[in-house]
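*Asks:* The residues making up each chain are set out below.
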Amino acid sequence: MAVISYREALNQAMKEEMDRDANVFIMGEEVGHYNGAYKVTQGLLQRFSERRIVDAPIAEMGFTGIGIGAAMVGLRPIIEFMTFNFSLVAIDQIVNNAAKIFQMSGGQYNIPIVFRGPGGPAVQVGSQHSQSLESYYAHVPGLKVVMPSTALDAKGLLKSAIRDDNPVVFIEGETLYNTTWEVPEGDDELIPIGLADVKRAGSDITLIAWSKMVWTCLEAAKQLAEEGIEAEVVDVRTLRPLDVETLATSVKKTGRCVIVEVGWPVAGYGAEVAYQMQKHCMDMLDAPIERVTSDDVPMPYAKNLEDEVQPQVKDVIEAVKRALYLI
Amino acid sequence: MSTPDSKRIEQEDPVEYVETTTDELAPLYRQMLAIRRMEEASAKAYSQGKIGGFLHLIIGQEAVCVGATAALKPEDYVVATYREHGHAYAKGVAARGIMAELYGKKTGCVKGLGGSMHIFDKATNFLGGYGIVGGHVPIGAGAAFASKYRGDGRVTLCFFGEGASTIGGFAEGLALAALWKLPIVLICENNQYSMGTPLYRSLAVEDVSLRALGHGMARDRFDGDDVVKVKRRIGEAVERARTSGEPTLVEVVTYRFRGHSMSDPGLYRTKDEVEEWKRRDPLNRCRQRLIDIGFADADLEALEADVKAEIEDAVKFAEDSPPADDYKSYVVKE
Ligand SMILES: Cc1ncc(C[n+]2csc(CCOP(=O)(O)OP(=O)(O)O)c2C)c(N)n1
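Chains as they are written, first to last, in this note's numbering: chain Z, 24 to 350; chain S, 2 to 335.
Mixed in with the good hints, there may be bad ones.
Unchecked claim - Cross-link-like lysine-lysine pairs, in silico, PhoX-like; alpha carbons within 20 Å at most:
| # | chain 1 | residue 1 | chain 2 | residue 2 |
| --- | --- | --- | --- | --- |
| 1 | S | Lys309 | S | Lys107 |
| 2 | Z | Lys275 | Z | Lys302 |
| 3 | S | Lys329 | Z | Lys326 |
| 4 | Z | Lys326 | S | Lys279 |
| 5 | Z | Lys276 | Z | Lys222 |
| 6 | S | Lys51 | Z | Lys326 |
| 7 | Z | Lys344 | Z | Lys276 |
| 8 | Z | Lys326 | S | Lys107 |
What the hints assert, rightly or not - Some chain Z residues well away from chain S (every beta-carbon gap over 10 Å; in silico):
| # | residue |
| --- | --- |
| 9 | Asp188 |
| 10 | Glu208 |
| 11 | Leu218 |
| 12 | Pro264 |
| 13 | Pro323 |
Everything labelled a hint here was simulated from the structure, so no lab data went into it.
Quick reminder that beta carbons are idealized off the backbone N, C-alpha and C, glycines included.
Using the sequences plus the hints, can you model the full thing?
*Replies:* Encoded structure:
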């Protein structure tokens, strides 16, 4: 077992899949000569040449559509968004074409494509560069939406995404690239899309999160343990399709649930999770389901405000205590 | 690639300066110098951790925003990118407000909410710095549409990089400005790199101004080394917009001395290339020109001391200002 970074895990996943399948290629801004804005594609140009590592100019709508068209006729593109904020320029292609062509064509043309890149708040980059857009994509039938929290999940899930015959929106944590995890060496093991993962076992309450908020929940669980409260942390990993069973099993066991997301509250993905949990666990719930989200505002620039807006460990702990009727 | 109508612009060396007077040039030099010093001060504060996020400096390109805005009236509009501290300053936004914004302070021109990429100032008709490449081009066209609608005679300058010329926001903004004859000057600051990508890898035809042809739009293309030249040539386009309501696409060739942002080490270009451009620094050239046309030494010294004091004051103001404290009041207007 080697301890590798989230960035390295993604890099390995792409390298291995490109070695395995000549139809896989990467297209995006600064992915080749610059080795990626976040260095996720480091070294891939040298290995695979310009034919398969395609530096695109600033034309998200264009190269997203090019990826979809190429996928229709048999290639397996990985489209990198420098950040998911810029995917909004291309969202028409993703929602109106990638997600619909299989159904529009009566099942004749499927779209095996991965849209990947960092998402979620970064640090002090202001409202246009710091937002969580997973709820936009999770809303759309025809897409799969994956958001790994660890290097292990990042690698196994990206490999599955590349092999998937459908469009997969794969949102990496912009602040997770340097986090590390144990990943088996020469790993050819895939982590299936559609499975949640219990990241910490506990009996008193279930914390449900994805991406960076898993780390926030793990830290909250650690602090809660010092007070004798054992929280179970369940990592959603795949927002669409959602693994209701794993989540519900945990919530039925603990009887309490806090859903933590870094996105906005209104129509945020956590609202869907909350609905599913009350539907499947109603009789076993000992308290109303709590949600912790960012404040309902565009992200401010100033560091002190930015911290105030986003869910912090203390906010999770507070929500846990509310669900336990301790405050 | 070249087409019959495209020529690669080499910086003229020595520059053929446009006729000017010390009265005209001194204030332009002052602005360029203040922007240079402000950018240097912000780089320093960034390295001290006092400014966060992305910081895109315009060092090397000052002649473009200063020359262009000098062709405007106060009521005219400017729209810019995330690399906009200089444009804001040239439009009249105080260094204090800009610096305090970079520091994320309550006294910043957008109250610490926007930071480096989002300077706005209604008082000087600075319609903002925008972070999504190309997205602000239609915004600029929209301000120009309003001017035409109201017949108020105002002109909009919209700045963007050559990297923006491949995105839909630019293409559509350009098409509509041409179709509806909007009083706007679209200014492509071609600093030859879009992040780490040299323009020959991002553009099939390196002359961005040629895009105007297909829309029947006026165009211009020149080298941004002489601030007075920029002022005159943009001035022609501004006059066209003001008097006949016709838009112009102008490409000004320039060079950024620093990385794309503070986190970019700039490994995609050689030291020699950067040094060569620095040798032709438009700020130094402007200073030399000022001396050559007879600006007194004592006046130059006073001007430079004044700029130094202004930027030091702005930094001190930013340092001493209270932190930003309100992120809730401006989500929707009540
Ligand atoms: C739609 C979109 N895609 C990508 C980015 C990331 N990005 C920011 S600036 C930049 C390069 C822009 O180059 P250019 O337009 O030439 O302007 P310059 O930065 O050189 O002033 C890129 C790729 C972005 N902000 N918006």
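*Asks:* Going through the numbered hints above, which ones does this structure break? Give me the numbers in ascending order.
*Replies:* Checked against the structure, the hints that fail are numbers 1, 4 and 13, while the rest are satisfied.
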